[in-house]
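K.L.:
Residue numbers (the working numbering), protein chains in the order written: chain Z, 14 to 265; chain U, 89 to 338.
Just so you know, nobody snuck in bad clues.
Okay, the calculated beta carbon distance ranges per label pair:
no. : chain 1 : residue 1 : chain 2 : residue 2 : range
1   : Z       : Pro66     : U       : Asp149    : 47 to 57 Å
2   : U       : Asp294    : Z       : Ala34     : 34 to 44 Å
3   : Z       : Arg51     : U       : Gly125    : 38 to 48 Å
4   : Z       : Asn63     : U       : Asp179    : 15 to 25 Å
5   : U       : Glu204    : Z       : Val62     : 30 to 40 Å
List time: in silico DSBU-like cross-link candidates among lysine-lysine, alpha-carbon distance up to 30 Å:
no. : chain 1 : residue 1 : chain 2 : residue 2
6   : U       : Lys101    : Z       : Lys31
7   : Z       : Lys133    : U       : Lys245
8   : Z       : Lys133    : U       : Lys101
No lab work stands behind these hints: they were computed from the structure. Please read all numbers here as calculations on a predicted model, not as lab measurements. Don't be surprised by glycine CBs; every beta carbon is placed ideally from N, CA and C.
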Amino acid sequence: MNVKLLKAPIGFIEYIGKMVAMLASTIYYLVRLAVDWRLTFFQMSNMGVNSIPIVFLVVGFTGMIVSLQITEQALRFGSTKFVGGGIAFVMVRELAPVLTAVVMAGRVGSAIASELGSMKVTEQIDALRSLATNPVQYLVVPRMLALIIMIPAISVMAGLIGILSAFWIANMMGVQWPVFYMYVPRLLDPSDITAAIIKSGVFAVLIALIGCVEGMYTEGGASGVGRATTNAVVVSIVCIFGMNYVLSAILF
Amino acid sequence: MIETRDLKVCFGKTTVLDGIDLQIAAGEIVTLMGGSGCGKSTLLRAVMRLIPVTSGEIFIDEKRVDNLSETDMNEVRKMMGMVFQEGALFDSMNVRENVAFALRRHTRMKEKEIRETVHERLEAVGLKDVEERTPNQLSGGMRRRVGIARALALNPKILLYDEPTTGLDPLLTATIVELILKMRERYGSTAVVVTHDINAAIRISDRVAMLHEGKIIHKGSFKSLEKSDHPHIVKFLNSMRDTRNPQGGY
Numbered sequence: 014m015n016v017k018l019l020k021a022p023i024g025f026i027e028y029i030g031k032m033v034a035m036l037a038s039t040i041y042y043l044v045r046l047a048v049d050w051r052l053t054f055f056q057m058s059n060m061g062v063n064s065i066p067i068v069f070l071v072v073g074f075t076g077m078i079v080s081l082q083i084t085e086q087a088l089r090f091g092s093t094k095f096v097g098g099g100i101a102f103v104m105v106r107e108l109a110p111v112l113t114a115v116v117m118a119g120r121v122g123s124a125i126a127s128e129l130g131s132m133k134v135t136e137q138i139d140a141l142r143s144l145a146t147n148p149v150q151y152l153v154v155p156r157m158l159a160l161i162i163m164i165p166a167i168s169v170m171a172g173l174i175g176i177l178s179a180f181w182i183a184n185m186m187g188v189q190w191p192v193f194y195m196y197v198p199r200l201l202d203p204s205d206i207t208a209a210i211i212k213s214g215v216f217a218v219l220i221a222l223i224g225c226v227e228g229m230y231t232e233g234g235a236s237g238v239g240r241a242t243t244n245a246v247v248v249s250i251v252c253i254f255g256m257n258y259v260l261s262a263i264l265f
Numbered sequence: 089m090i091e092t093r094d095l096k097v098c099f100g101k102t103t104v105l106d107g108i109d110l111q112i113a114a115g116e117i118v119t120l121m122g123g124s125g126c127g128k129s130t131l132l133r134a135v136m137r138l139i140p141v142t143s144g145e146i147f148i149d150e151k152r153v154d155n156l157s158e159t160d161m162n163e164v165r166k167m168m169g170m171v172f173q174e175g176a177l178f179d180s181m182n183v184r185e186n187v188a189f190a191l192r193r194h195t196r197m198k199e200k201e202i203r204e205t206v207h208e209r210l211e212a213v214g215l216k217d218v219e220e221r222t223p224n225q226l227s228g229g230m231r232r233r234v235g236i237a238r239a240l241a242l243n244p245k246i247l248l249y250d251e252p253t254t255g256l257d258p259l260l261t262a263t264i265v266e267l268i269l270k271m272r273e274r275y276g277s278t279a280v281v282v283t284h285d286i287n288a289a290i291r292i293s294d295r296v297a298m299l300h301e302g303k304i305i306h307k308g309s310f311k312s313l314e315k316s317d318h319p320h321i322v323k324f325l326n327s328m329r330d331t332r333n334p335q336g337g338y
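In isolation and in its complexed conformation, chain Z is listed as follows (with noise of 0.2 Å):
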C-alpha cells in the first residue's frame, strides 16, 4: 500500500494521542489538587474576564437579528406570544454556548497555542523542565481549569445578553414584556440551561486540550508558532461544531 495514503490517518491517530495523554496528565494533577491557583486566577481575569466584551457583542448582535427576522414573521401570521419563548429555547439550547465557544476558540485558543507555540521554539518549555516543572502542570493545568470555570459562565451570562438583546428589537418592532416572557417558562426547561452548562464545559475541555497541544507540540520556528495557532482556532471550530451535535443529541 502507499505510505503516503497512510500518512494521514497516522497523522490524525498521532494527534489524538497527544489529546489523550495530555488529558491524562491534566486530569492527574486535577485529582491531585497539584494546582497553582495564583496562575489560575489569573488565566481566568485574562482569557474569561477579558473575553467578555467580545462575546456579550457577539451574541448580543446574534439575539438582535433573530429577533428580527422571527418577530417580522411572527406579527404577520399573529402569533408574537411564541416570539420570546423561541428566542430562549434557542439562546439558550443551541446559540449562546457556541457562539461563546466558537468566540473563545478564536479568541483565547489561538491566544493559547501561539503563546505554549513561542515558549516551545524559544526553549521556554525545555527550560521549565530543566527548573524540575512540569510543563503541563504549570502551563496546560491553570489554562484548562480556567476555561473549565470561565466559559459555561460566561456562556449562561452570553445567553441572558441575547435574550435580552432579542426583546429590546421584539419591543421596537410592538412586542411587550409580558407576550415576550410568556412561553419563555413553558418552552424553557431549568434542565435545557443545565445541559447548556455541561456543554459549554465540555467546549472549554475542547478549546484549551487543542491550544495547548498545538502549542506544545510546535515545531519550525516563528511559521510553526503561525501554524499552530492557525490550527488550534480551525481544529476547535470544528470539534465545537461535531461535539455540539453530538452532546444535542445526547442531552435533550
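Given the coordinates of chain Z, work out where chain U should sit on it, guided by the hints.
P.N.:
Here is chain U on its own, set in the frame of chain Z:
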C-alpha cells in the same frame, strides 16, 4: 558525578548519539566539542532528560536516571542547572521573577530571602539594577548571564552550558568564560560545556570530549587532543587555527 554508558539517542531513523561512554567527576569542567550536528547539544539534553533516550544508561550522582519517571526526574533536576544558548528566559516575567522561579516553586523561602538570593545570584554573574527589566530589554550577553543566574538559583551540583558563548563578541565571550570558572570556584559545581569556541575550551576545560557523527572520538586534556592523529580531529583543529599566528595558535 555524571556518567553515561553506551548511550544511544535516535530521532526516527536517524541515530544522533551512538554508544556514548562518558564519566565526569565532581567539580570537573568538561567541554564537548565537535562540528555542527554531531550531537553535542543532544548529549546535554539527554543528560538532563529533556529528550527520550533510545538505549543505554545515565547516572547522576551515582543514581540511574534514564529510567526515572518525569516526577522522579524532577527531584534529580533540582540539583542540576542548564544554561540555554539564547538564555531561554521566560519572556512573560522580569529578570527577578526568572531567577526566583525555582526558589518560589521548590523552596519555602520567604519573599525577603528570595529577593536576597536573587540579588546575590545576579551579583555573582556581574549584573546590577536589572531585576525589573524584561528579557527583551536585555542584550544577548546579559540574557545569557541572567540564564546562568537562573540556573544557579537552587545552588546546583551540576551545570550544563549549551553553547554559552556562541554569537557573542570577544569581550562578552571572555566575560562568560570567566563566569564559568568563577561559578566552579564559588559554588564548586561540576560543569559540562558545549562549545565551538576553541579558545574558550582551552581556558575552561579540565578535559575535552570530541564528538563526531554521534560518537566520542577523543576524551582527555586539550593537549592530548592536539596530539591526536584522528583525521577528523586534525581537520577540526586545523580549521580553527589562526594562520596569521606563527606559533600556530587558535
